[in-house]
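Student: Here are the chains, one letter per residue:
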Amino acid sequence: MHGVSLPFSFACGVRSSSIRASPRSFLWPTPNERRKVRCALITAQFELKRPPYPLDSLEPHMSRKTVEHHWGRHHRSHVDGLNAQIAGTQLEEMELEDVVIASYNKGSPLPPFVHAAQVWNHDFFWQSMKPGGGGKPSGKLMELIERDFGSFERMLKEFREAASAQFGSGWAWLAYKANRLDVGNAVNPCPSEKDNKLVIAKTPNAVNPLVWDYSPLLAIDVWEHAYYLDYENRRADYVSIFIEKLVSWDIVSSRLDIAMARAAERAREDERRRQEDDVEITNSEAVEMYVDSDNNSESE
Amino acid sequence: MALRAIAGKKTLTLGLGFGPRGAVAASCPGLGLRLRHVRGLVTFSLPDLPYDYGALEPAISGEIMQLHHQKHHQTYITNYNKALEQLEEAMAKGDSSKVVHLQSAIKFNGGGHINHSIFWQNLKPANEGGGEPPHGSLGWAIDTDYGSVEALVQKMNAEGAALQGSGWVWLALDKEMKKLKVETTANQDPLVTKGANLVPLLGIDVWEHAYYLQTELAVGLKLNPTGRLDQT
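As you go down the protein sequences, you meet chains X and Z in turn.
Be aware that the first sequence starts at 1, since it is given in this note's numbering, and climbs by one per residue.
Be aware that the second sequence starts at 1, since it is given in this note's numbering, and climbs by one per residue.
Bound conformation, chain X alone (with noise of 0.2 Å):
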């Protein structure tokens, strides 16, 4: 909605990262959340984002028939129910990675949990994909593959089997995974570099890798709707398309350097923590650590 005076938009919060950046909302390469303002009442609405690319653009990869029911119905249905559900919530002034992480709520989800997952997922997944996709990574990204799994064809193999065993509903995933430890203040003991690793996971229906608390980099939809009109039930067909003509490696590569980017930056966090502990110990006073009695006083 237009006419909105400026002040008023600086009032309600209009989104960009500079003002709520929270760690997570680097992983988007193209920050750009646009908050609509309705009127006096401040409301923060999720939008339907457009795949970057016109809707008939991956035929005939993909339809044009499929990524009109897949984005305009599917798609939009969740972010519609993701709105319905957050709104008057807390998570209503939330990014929509910080929604989904905490609508998980550590392995029991919360009702909107299922929405705001697949709103992430399918934005992930549209951004995935390019006309003229396919082909081969390159750089860092190729690098870490053949490090992680000996070579491209062999990462792919476990992709493809990622996909073609996930029973049911759910999604494939290229993920970039930076050894840390899940337990409060707890810190990886021997970090390294090389303990970071690219991996394949799979998820049933809306859940994702972000829940580990990974960064995901490449997805593959494997519900039945992302293929059915165009492969009926050969699923390893849509996936074996999917690779050699969809995926847009750029992507991936951008994804994976923000990604190694972030776990660098908490590397160094951690780091930083360890060592003002540490000072702490030795600047504080000597603390008794045990009682000594007065008659006694065992030698070893």
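Incorrect hints may have been included.
[Claimed, not checked] Among the chain X residues that face chain Z by a calculated CB cut under 8 Å, a handful are: (1) V114; (2) F167; (3) G168; (4) P204; (5) Y231; (6) E232; (7) N233.
[Said to hold, decoys possible] When the alpha-carbon atoms are kept at most 20 Å apart in a straight line, the in silico EDC-like pairs for lysine to aspartate or glutamate are as follows: (8) Z/K71 x X/D237; (9) X/K197 x X/E146; (10) X/K136 x X/E153; (11) Z/K124 x Z/E57; (12) Z/K181 x Z/E150; (13) Z/K71 x Z/D95; (14) Z/K71 x X/E232; (15) X/K65 x Z/E63; (16) Z/K175 x Z/E208; (17) Z/K71 x X/E153; (18) Z/K82 x X/E161; (19) X/K157 x X/E244; (20) X/K202 x X/E271; (21) X/K197 x X/D213; (22) X/K140 x X/D257; (23) X/K136 x X/E244; (24) Z/K107 x X/E161; (25) X/K65 x X/E232; (26) X/K197 x X/E244; (27) X/K177 x X/E271; (28) X/K140 x X/E153; (29) X/K65 x Z/E208; (30) Z/K98 x X/E161; (31) X/K202 x X/E153.
[What the hints assert, rightly or not] Per label pair, the in silico range of CB-to-CB distance: (32) X/D195 x Z/Y51: 27 to 37 Å; (33) X/A165 x Z/Q214: 21 to 31 Å; (34) X/S151 x Z/S104: 27 to 37 Å.
Just so you know, the hints here were simulated from the structure itself, not pulled from any lab data.
Ideal Cβ placement from N, Cα and C applies to all residues, glycine included.
Once you have looked at the hints, place chain Z on chain X.
Tutor: Okay, now just chain Z, sitting in the frame of chain X:
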């Protein structure tokens, strides 16, 4: 039931749910799970439909019926047989890791076979009584437990629409409680996974493959029972 005796002897008891289906099988020879014995291991084959692929139109298109039967159900059977063969080998060798590893494939593919076998029998062409409201003891039970058929349909619609992902909606008889229940199962889990006392009366496949090619149908419409409900 002769069928049950064969299945019980040779195979693992996988909760094949023969209750009301056994009655149907007895009265309609040729239906059922189609067992064959090969080297002592039972293998399964695709049961024929008791009607033509196009006979359920316009409710369910012939295209969907053919794909659903010849591709999806057949694939479950093929993979189920394969998994059972591998299981037999692993058990003979005492390879526990392999035995355990195969369980999810057996549950998924075996469940797919069980569920779809029930599904075909739940449906009937309109000119053979499909879509008619239930009578007799089933009709009475529905009225008692749900108030009316419309209320039951509404409940099953709601459960089906709420199911996130792939799965089934069931009208079940709880044998112990002697009551009807509406249940859902995920993926291809058979009804027995929700309770050993539950006998499937009516199963509705809400996997997307069951209706996606008729995308103008919303899921809600799909769940209006188009078939004859088994009499208990």
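Student: Does X/E146 lie within 20 Å of X/K197 when you go C-alpha to C-alpha?
Tutor: Cα-Cα ~11 Å, so holds.
Student: Mind checking the hinted window 21 to 31 Å against the Cβ distance between X/A165 and Z/Q214?
Tutor: About 28 Å separates the Cβ atoms of X/A165 and Z/Q214, which means 21 to 31 Å holds.
Student: Evaluate the given range 27 to 37 Å for the C-beta pair formed by X/S151 and Z/S104.
Tutor: At 28 Å between Cβs, range holds.
Student: Hinted pair, alpha-carbon criterion (20 Å max): Z/K71, X/E232. Please report holds or violated.
Tutor: holds (9 Å)
Student: Do the numbers back the hint for X/E232, that is, is its least Cβ distance to chain Z under 8 Å?
Tutor: holds (6 Å)
Student: Taking only the CA atoms, is the gap from Z/K71 to X/D237 under or equal to 20 Å?
Tutor: OK: Z/K71 and X/D237 at ~14 Å, within 20 Å.
Student: If you draw a straight line from the CA of Z/K98 to the CA of X/E161, is it 20 Å or shorter?
Tutor: holds (18 Å)
Student: Against the 20 Å threshold, does the CA-CA distance of X/K197 and X/D213 hold or violate the hint?
Tutor: holds (13 Å)
Student: Taking the closest Cβ pair, is X/G168 under 8 Å from chain Z?
Tutor: X/G168 check passes; min Cβ-Cβ to chain Z is 4 Å, inside 8 Å.
Student: Within 20 Å, alpha carbon to alpha carbon, are Z/K124 and Z/E57?
Tutor: holds (11 Å)
Student: Check whether the Cα positions of Z/K107 and X/E161 lie no farther apart than 20 Å.
Tutor: OK: Z/K107 and X/E161 at ~19 Å, within 20 Å.
Student: Given the hinted pair Z/K82 and X/E161, is their Cα-Cα distance within 20 Å?
Tutor: holds (17 Å)
The structure fails to meet hints 5, 13, 16, 17, 20, 26, 32 from the earlier list, while all remaining hints are met.
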